[in-house]
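All chains, full assembly: derive it from the sequences and hints.
Read off the chains here:
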Amino acid sequence: MDSQAIATQPVHDAHEAHVHAPYLRHHFETVEQQREASSFGMWLFLLTEVMFFGGMFTAYLIYRNWYYPAFVVGSHQLSIVLGTINTAVLICSSFTMAMGVYSAEMKQRKALVGWLLATIVLGFVFLGIKADEYHEKWEKHHVPGLNFSIQEFTHPTNPEEKALPADMAQKTQVYFSLYFAMTGMHALHMVVGISILLVLVVRAWAGAYTQGHMTTIENFGLYWHFVDIVWIFLFPLLYLISRHQ
Amino acid sequence: MSEPTHNEQLNLEPTHHEHHVVGPKTYGIIFGTLLFFTGLTVAASYLELYTFNAVVAIAIACIKAVLVILFFMHIKYSSRLTKLTVAAGFFTFLALITMTLTDYISRAWGLW
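Sequence order for the protein chains is A and B.
Going by the numbering used here, the first residue of the first sequence is number -18, and it counts up by one from there.
Going by the numbering used here, the first residue of the second sequence is number 450, and it counts up by one from there.
Everything labelled a hint here was simulated from the structure, so no lab data went into it.
What you are looking at is a predicted structure, and each value in this text was computed from that prediction instead of being measured.
One thing to keep in mind: the hints can contain errors.
As the list claims (entries may be wrong) - Subject to a maximum C-alpha distance of 30 Å in a straight line, what follows is the list of computed DSS-like cross-link-like pairs (lysine-lysine): (1) K532/B <-> K88/A; (2) K111/A <-> K121/A; (3) K474/B <-> K525/B; (4) K88/A <-> K525/B; (5) K474/B <-> K532/B; (6) K118/A <-> K143/A; (7) K525/B <-> K143/A; (8) K143/A <-> K121/A; (9) K143/A <-> K111/A; (10) K143/A <-> K474/B; (11) K91/A <-> K474/B.
So, in structure tokens, the structure goes:
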């Protein structure tokens, strides 16, 4: 609509059109349109992330079909307790992040800062537990390429585990490579997320998202929930293969 | 009928979407449901279901992911443009996985 058309509108409406929020960029007509455009852009980014993790999930599916016995014994080396706790921690952090978005919508500055801080703490708890698991893998010589031994799989210390022939035992390296690639990339996303959160908390404390718009908080929330979804799939695929055997 | 005002015209724009705030009650219910399904998937992995172990695990993961996308990520309350974008993205992802897997299962692979 050109400027002449606006000038022909009734006076009160033309006036409305000129009073706009300071955070409304000039190339958007309304705040809703601006919000919609940024949310659309964020989702496009997240879909590229889906494809990125999707490649690793596809590799996992194919190798799991090829070397199923190796994947079963590899999976049994992971701690189901730590995995379940970490899943719960991450779901809690998604909840605190969602509440953060709600606080920003409600313009509650202190509540927003509180929920963001809770999300950071839960993020660190997750990474701490993950680091402990990685450390255990190192001590058990289950890190392919750096520190790996098939001893545990050809001569299991747990009498309930079946011993694998040496060639299949070697294939546990495929399982652990995928384990480190997938959980490692997921952990990297957590590190990036926590770094951004630290900036957001400082800016939220200064009132950046409770005085103006909160699209930044909303879009970061989308990122954080996406990282949660990746873990929701990683957990059963890596930790829960044939636990009954 | 009188001429629509500038703002009324904007409301008819396809990019216009009424914003919906999701409240703590919804978040709380979804939070509880996600924790319940986490417990369920761990319990199900100890049952002997043969090939259905993997099916159950992936089905539960999909339910959890859909709940997160619909409510935590507000897709249930989003515009049709955003809904279509997300659906198209996941459809493409599934199409790529399916095509890759059909290639793998239809070849006369040898033994390794």
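- When the hints from earlier in the document are held up against this structure, which numbers fail? 7, 10
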